[in-house]
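Colleague: Sequence:
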Amino acid sequence: MATTKVEFNQDYFGRIKDNITRVFDDLLNRLSTRKEYILERVRDIEEEYLASNRKRSNTIDELKKLQKDGEEIGMIENENFSLIEAVNQIYETTIKDLSGTIPMPDVTINFPFLNELVTMIEELGEVKESQTRDSLYEELPNLAVGNCGKGKRQFCSPRGIVLDEEKGDIFVADRDNSRIQVMNYIGEYISEFGKGELKSPYGIAMTDYHIFITDTFYHAVFKYSKSSPNKLEAIAGKKGKLEGELNNPRGISIDTNGDVYIAEYWNSRVSVFTKNLEFIKSIGKGLVYPKDVKLTKSSVVVLDWSSNCINYFNRNGDHISSSVTRGYQQNCLVHEPFFFCLDESENIILTDRLNHCIKIISKSGKLIQTIGKKGKDKGQLNKPKGIYITKTGKIFVTSQNPKYAIQAFEYINR
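Just so we're aligned, residue 1 is where the sequence shown starts under full-length UniProt numbering, counting upward by one.
Among these hints, one or two may not hold up.
Claimed, not checked - Below, a list of computed lysine-lysine pairs in the BS3-like style, where the Cα atoms sit at most 25 Å apart:
#, residue 1, residue 2
1, 226, 167
2, 150, 199
3, 391, 199
4, 239, 195
5, 199, 297
Worth flagging that the hints you see were computed from the coordinates, not collected in a lab.
If you're wondering where the values come from, they're calculated on a predicted model, not measured in any experiment.
Take the sequences, apply the hints, and build the full model.
Modeller: Here is the structure:
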């Protein structure tokens, strides 16, 4: 039994323990789904073979592969239960001896993801209170999930993305599947909502209590309860140019007062609503095709696709300045920026759809960093769309990568 000297923070460890337990539960659910698939596939193979629709050699090869998968699942499940027991034992023992040692049971692990968690558990006691983080997902490897399709953890033309940073849950506007899909911080399916209500969900933003979604088909904005996402609380907008009407609403952002800012692509403006979706005003004189909008303490920042410009307005709607993102510098050429976000220094982090990458640009137009390139593998993008940066600097992005529609990257400029 190995031991580790600690500088222990009980509240922190309790929170991490809960999050790790949740990871284990998610893993067990995934394994259960995989087992069900194997059993169904075995039955299908048996029926096909008996109907003489399969060759004997092919049948044996596939059955052997399924058998190997089943054995691996059993092994992982056993390791999973061992780790849960280890976490509980560590927690209970440490509570009794806050100034002593944390016993680490000797557990042999053969599955890489669980190895990551064991290492994390071993290091918990060495984390001081000042280093405490709000959620476990920040410690995990970069994310790459979501192939093309209509099922769980599958996406069809995903657009906006946002994170509940307290829990680490990821919300994705799965446009062509007419839903919002929710995953946890390791990319495991949690739930979905919006079916039968949304048609083409596009932009998505979140407050402590609500989720707001733009829909380009209905030319409207939808408000859902965050605690009960299946509960639709309000809808605002219809196709038109009058006050309170919307025309192809895309990016969406919410200020500290709860006011909702929406970029209207075909109305060449940004419309502002209250948190109850009552119309306040429109701003953005000079805009042509605004795609996305973000907020700083004093400015409304708008991406205009027509001019490839980032435009800055004050809260009264007066134009302050513009930052050109196309051709401003030769190495900073952007071909069709789609969505963007801002880091803590107000650098612009945008998805470059036709260059198949993420570009990080200063307010003056200087290229800071390029992330990703065209492809279908992990770390590669295909026409990236939605983007979100966490407080700790991890960038989440949606793209049309047929194997990894949702990915996360590290941002080196922090």
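Colleague: Which constraints among the numbered hints does this structure fail? Numbers only, ascending.
Modeller: 3 and 5
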